[in-house]
Amino acid sequence: MTPEEQKAFEDRIYAYVGVKVCERTAAKDAVNPAMIRHWAEAMGDTNPAYTDETWAANSRRGKTIAPPAMMYAWNQEGFTVTRGRASDPQTDMVELFNEYGFTGVLGTNVTQEYFKEVSPGDTLYLEMEIDSISERKATARGIGYFFETLATFSDQNGEKVGTQRFRVLKFIPQEQPTAATGDDKLEVPTRIPSPRGHDNGWWWQAVDEGKLLIQRCKRCQVLRHPPRPMCGECQSLEWDSIESGMEGEVISYTCLRHPAIPGYPKDPVCAVIKLAEGTNLVANIVGCDYDDVFIGMKLKGRIEQVDEKTTLPQFYPA
Amino acid sequence: MSEYTTLNYADVHVGDKLPELAIDITTGLIVGGAMATRDYEPVHHDKSAAQATGLPDVFMNILTSQGLMSRFVTDWSGPEAVIRKLDLKLGAPNLPGMVMTISGEVTDKDDSSGQVSIAVVGENNIWGMHMQGTVTIALPQEA
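Residue numbers (the UniProt record's numbering), protein chains in the order written: chain A, 1 to 318; chain B, 1 to 143.
Keep in mind the hints are simulated off the structure, nothing from the lab.
Warning: the hint list may mix true and false statements.
With a straight-line Cα cutoff of 20 Å, these simulated SDA-like cross-link-like pairs (lysine to any residue) come out [claimed, not checked]:
no., chain 1, residue 1, chain 2, residue 2
1, A, 28, A, 107
2, B, 89, B, 101
3, B, 89, A, 199
4, A, 218, A, 199
5, A, 211, A, 305
6, A, 218, A, 191
7, A, 274, A, 188
8, B, 89, A, 148
9, A, 266, B, 85
10, A, 274, A, 313
11, A, 116, B, 87
12, B, 47, A, 137
13, B, 85, A, 313
14, A, 160, B, 85
15, A, 211, A, 302
16, B, 85, A, 107
17, A, 211, A, 107
18, B, 109, A, 113
19, A, 266, B, 15
20, A, 116, B, 15
21, A, 137, A, 262
22, A, 116, B, 138
23, A, 266, B, 128
24, A, 266, B, 119
25, B, 85, A, 117
26, B, 17, A, 287
When you get a sec, could you build the whole thing from the sequences and use the hints?
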C-alpha cells in the first residue's frame, strides 16, 4: 500500500468510528428460568442464586437472578447465523478490511461491566456502536488495526444493566492458515527429551531403569557428575559408577516462573542438590511450596515417571 | 440458606488464593456452552467449519469462557456475591481433549465499595493461556 492508498483506506475505515451497529433492540425472549438453567447446566454452575427459587426467596435479593455472564446471550440472533449474518455497519466495516487484505481476525479482549442484576421477567435491550479504531499497528500476528465495539444493555424501564467492550484485531496474516483435516488426537506436550550422547547416554539409561548413578574414576576413585570421559583429578579414561542413595541437601534453588513451558508443571522449583556421596545434581524439588525451600534443606529423592515419555530424579523434603 | 455460605468482605485478604478448578474440555462442553449462550457460529459446533479456519476441531466460544470464569469465582465466594465486572484477555483456543485449569488470587480490596478484585488465569495443558483477567465482585460487608 502506498502512503496515498493507506490514507484513502484509513479515511474510509475511520468513518466507521461512532457508527451505530444496531439501535436499541429488545431480546427475542425475556429473561427466563429455562434458558438460565440450560446455561447453568452447561457451565456446571450450581449457584442457587440462578436456579434455586426457594433459596433465592430467602436470600438478600429475594428472587433468582440471571447469571451476569449471560448478558450478551439474551440478545444473540440465534440459529439463523448458521446461514450467515445479515449485513450491518460492522459486517460492512469488516468487509472493507478484508478487501484491503486485512483478512485475519482475532478477538483480543472482552470486558463486561454490570450495573444491575436482572431476573426472570425482565427484558434486555441491546444497542451497539463501533467505539474506536486504533492507528495502524505492527503486531506479532501481522500489520493491522484494533477496533472496539461497545454494546450497552438496558432493561424494559430503560435502566442501564451493563456494557460490553469487545476488542478485535484485523490484520494482514503473515501466512494464510491452511485448513486442518486430520483427526489426529491432540498431542499432550511432554518435557524436553534429555540429550543422550556417547558420554552420558548410560546415565540417562540408568534413570529410565530407576537408578541414580554417579560416575567414579577407576584409578583414583573420585566421583564426578555430570558424566564426562576423563577424570579431572588423574586424567584417567577408565571409569565405573556407584548407585546414589538419593539423599542430599539444597545448595541453591530457584523457581522458573516465566515463561511457562508446555509440558512442565507451573512454577517448577529447580535446585542444585549436594548428594550424600559428595557430587552435585540439578533436579526438581517437588512435594512442597517454593516458599518452604531453604538452603541446607534435607532432601530424599526418588526416580519417577513425570509424563508419558520422561523419567527423572525428583526430590522431596526428607 | 444453610448449605450455601457467602464470604464476608472482612474474611477476604489480598493474596488469598482461590481453589483451582480443572475442567475437561469436551466437544459436549464446547457445543453445549455455545448453544446455552445462543452462539450458533459454525466454528463452535461444526468441525469442518472449524477446520477451515486452520484449527483441528471445534473451539470454545468467548461467552462460555466468560461463564466458566464467573462460575470459578462464585464457586469460591458464595451466591450472595454480586459480580460487577469480568475483564478478560483472550489467548489460545480451548479444544476437545484439553484440560483447562483455572486459578485465581485476590489482588485488591476497596473498602468504600466492598469490592474485591480477583486475578484469574485459565490455562489449558496443550497451548497454555486461554484466558486471563480480572473479576470484580462485591461482597456483603457484615454477616
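Right, here's what the structure says about each hint:
Taking the CA atoms of residue 28 of chain A and residue 107 of chain A, the gap is near 26 Å; set against the 20 Å cutoff, the hint is violated. With a C-alpha separation of about 16 Å, the suggested pair residue 89 of chain B and residue 101 of chain B falls inside the 20 Å cut-off, and the hint holds. Between residue 89 of chain B and residue 199 of chain A, the direct Cα distance comes to roughly 47 Å. Violation of the 20 Å bound is thereby established for this hinted pair. Note on residue 218 of chain A and residue 199 of chain A: the hinted pairing holds, with a Cα-Cα distance of about 16 Å set against a maximum of 20 Å.
For the hint pairing residue 211 of chain A with residue 305 of chain A, the CA-to-CA distance comes to about 12 Å; that is within 20 Å, so the pair holds. Among the hinted pairs, residue 218 of chain A with residue 191 of chain A is inconsistent with the structure: their alpha-carbon atoms are about 34 Å apart, more than 20 Å. Restraint check: the Cα-Cα separation between residue 274 of chain A and residue 188 of chain A comes to about 33 Å, which exceeds 20 Å; the hinted pair is violated. As the CA atoms of residue 89 of chain B and residue 148 of chain A are separated by approximately 14 Å, the hinted pair is consistent with the 20 Å bound.
About 27 Å separates the Cα atoms of residue 266 of chain A and residue 85 of chain B, which puts this hinted pair outside 20 Å; it is violated. Simply put, residue 274 of chain A and residue 313 of chain A have alpha-carbon atoms about 14 Å apart, close enough for the 20 Å limit, and the pair holds. Restraint check for residue 116 of chain A and residue 87 of chain B: the C-alpha separation of about 17 Å stays at or below 20 Å, so the hint holds. At roughly 32 Å between alpha-carbon atoms, residue 47 of chain B and residue 137 of chain A are farther apart than 20 Å, so this suggested pair is violated.
Taken as a hint, the residue 85 of chain B and residue 313 of chain A pair is broken in the structure, with Cα atoms around 45 Å apart against an allowance of 20 Å. Our distance criterion of 20 Å between C-alpha atoms is met by residue 160 of chain A and residue 85 of chain B, whose separation comes to about 14 Å. The straight-line distance between the Cα atoms of residue 211 of chain A and residue 302 of chain A is roughly 9 Å, inside the 20 Å bound, and the hint therefore holds. For the proposed pair residue 85 of chain B and residue 107 of chain A, the alpha carbon gap of about 18 Å is at most 20 Å, so the pair holds.
For a cut-off of 20 Å, the pair hint linking residue 211 of chain A to residue 107 of chain A is broken: about 49 Å separates their Cα positions. Only pairs whose Cα atoms come within 20 Å are accepted, and residue 109 of chain B paired with residue 113 of chain A is accepted, the gap being roughly 17 Å. With a CA separation close to 18 Å, the supplied pair residue 266 of chain A and residue 15 of chain B stays within the 20 Å bound. A distance of roughly 28 Å separates the Cα atoms of residue 116 of chain A and residue 15 of chain B; the hinted pair therefore is violated under the 20 Å criterion.
In summary, the hint linking residue 137 of chain A to residue 262 of chain A is not supported, as the alpha carbons are separated by about 29 Å, beyond the 20 Å threshold. In summary, the hint linking residue 116 of chain A to residue 138 of chain B is supported, as the alpha carbons are separated by about 12 Å, within the 20 Å threshold. With a CA separation close to 10 Å, the supplied pair residue 266 of chain A and residue 128 of chain B stays within the 20 Å bound. Between residue 266 of chain A and residue 119 of chain B the alpha-carbon distance is near 16 Å, which keeps this suggested pair within the 20 Å criterion.
Among the hinted pairs, residue 85 of chain B with residue 117 of chain A is consistent with the structure: their alpha-carbon atoms are about 12 Å apart, no more than 20 Å. A distance of roughly 18 Å separates the Cα atoms of residue 17 of chain B and residue 287 of chain A; the hinted pair therefore holds under the 20 Å criterion.
In summary, the numbered hints that this structure violates are 1, 3, 6, 7, 9, 12, 13, 17, 20, 21.
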